[in-house]
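Q: Numbered per the working numbering, the sequence shown spans residues 1 to 513.
No wet-lab data here; the hints were simulated from the structure.
These figures come from a predicted structure and were not determined experimentally.
Do not rely on the hints blindly, as some may be mistaken.
[Stated by the list, open to error] Below, in silico cross-link-like pairs of lysine-lysine (BS3-like), each with a Cα-Cα straight-line distance of 27 Å or less:
1. Lys279 x Lys228
2. Lys49 x Lys97
3. Lys142 x Lys49
4. Lys100 x Lys365
5. Lys278 x Lys170
6. Lys61 x Lys49
[What the hints assert, rightly or not] Estimated spans, in silico, between C-beta atoms of each pair:
7. Ile143 x Asp252: 33 to 43 Å
8. Phe87 x Lys2: 12 to 22 Å
9. Phe301 x Asn117: 33 to 43 Å
10. Ile143 x Lys324: 20 to 30 Å
11. Lys65 x Lys218: 54 to 64 Å
12. Ser382 x Pro460: 15 to 25 Å
13. Lys366 x Leu319: 22 to 32 Å
14. Leu250 x Pro150: 49 to 59 Å
15. Glu372 x Glu475: 29 to 39 Å
16. Pro150 x Thr27: 29 to 39 Å
All C-beta atoms, glycine included, are put in the ideal place defined by N, C-alpha and C.
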Amino acid sequence: EKFVIVFNGEIYNHLEIRKELKRDFKTHSDTETLLFAFSEFGIKNTINKLNGMFAIALFDKKNQKLYLIRDRVGIKPLFWSFRGGEFVFASELKAFKDKKIDENSKIKFLSLGYMPNDKTYYKDIYKLKPAHILEFDGKNIKIKKYWDLPKNKLNISFNEAVEEVEYLLKDSIKKRLLSDVEVGSFLSGGVDSTLVTAIMSKISTKQIKTFSIGFNQKEYNEASFAKKIANYLNTNHNEYYFDIKDLLNLIDKIVDVYDEPFGDASALPTLILSEFTKKEVSVALSGDGGDELFLGYDRYFFTDNYYHKFKKLPFKNILSEIFKLFPNDKLNKLSYPIKHLTKENLYAVINTALKPWEIEEVLNKKNSTFLELAEYDGEFNSIEDFSRYDFYRYLPDDILTKVDRASMRYSLEVRVPLLDHRIVEFAYSLPQNIKLTKGAKSILKEILYKYIPKELIDRPKKGFGVPLKIWFRNELKNRLYEKVKNNKELKRRFFLHQKGYNYEYLFWNWWLI
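My request is simple: use the sequences and hints to build the entire structure.
A: So this is what it looks like as structure tokens:
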């Protein structure tokens, strides 16, 4: 009688919530559970009870108010716009008419490879940020945050932390295995996906199906590791090798899938992975989130280590000029941060395609700092701070966006057990030294060693990369030249790239705009 709901997502604890509701239910749907819960408990109390991924539009008929609600982490997308007296909301940007490109967004995209914060590529069309509620009464818009990461730290030992994370992760996976259809698992061969798959195998009463993407270029390929792990866990393993033919088939479709430029090139194999997974199962578990929560990215340690090393160096201005002369592009990129030494500038070396200090050079626009481009005003001093930045920006705006759009393209539902909000809260309440007791991702590795022999997993981190730099020197060389030839600076870098420098991410982002 009171509410109308439109809902996208999955509430994993809705059957538990039903037990608290004194209702006669007509369906088994979590949407019906949500509707009655909002009616009985109120909006804020209901959201606090939810364990899941969700984008919700709730209309209060009695008070004539619309509420938009997005899940805590940002797994599900929700866009909105209020123009000319018309309020529009949708899960996809395709729903919006008269889209005009925002020039400031173009700069952010070329640098970061994604649209940060509440921005889209288009003027006056916004993302509702994760963990936020938008309230609209027909005239006015109010946006409030309903959840945040904890600031206080626990007094806890490493072993206690390991025990609690394992308990929470088992429960999270158990909840995400509840389904009317078969559930599979993405298996890259890395720590996070292996841990999720191993626990899933242990919990499941039947053999599970696993899915991997491989590359013919050895430096990018982890499929052989994934296969060994699948054999050890006795899964029904499926793999697909991504090559240049797949790239050429997808390269012109990617903007249509993402509705705006999206620069994470691993979206291409993720699309293929989603397509061939869907042929076998309709739901898959993913290991996303482990690097952010448990400090796994190399860039965290690169930034921290080199800041302290460079700080001790004398004659920084002279060294900066010397670094400019290095033919090795990795050293060359450090020239500016040595001269203008901040952790932000060091982080930008790895985390941006177009460096903030290069914007004027390439685009003839005013320079911005890295944190200005990302629209982030949080602390940025410690490894823990870097992971919080990634949680608020890189995770929802890149990683989760990539997986959601690619999987939804083929009607595959991807669930992310490591991003259960209970695990997120616990991870960010752990002191940094506890998380790093035995190095990067200590806690997850310690759990994983209970399920998998060390020798199957202990190797340098690779990440989910795509051999763009190789293709830009070979199969895509001529097409790339056509894209960059009218920009003097990019044309110069094109020829440097052919000689061994690497500008693959900048070229890829330029390709998409």
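Q: Which numbered conditions among the earlier hints are violated in the structure presented, ordered from lowest to highest?
A: 2, 9, 10 and 14
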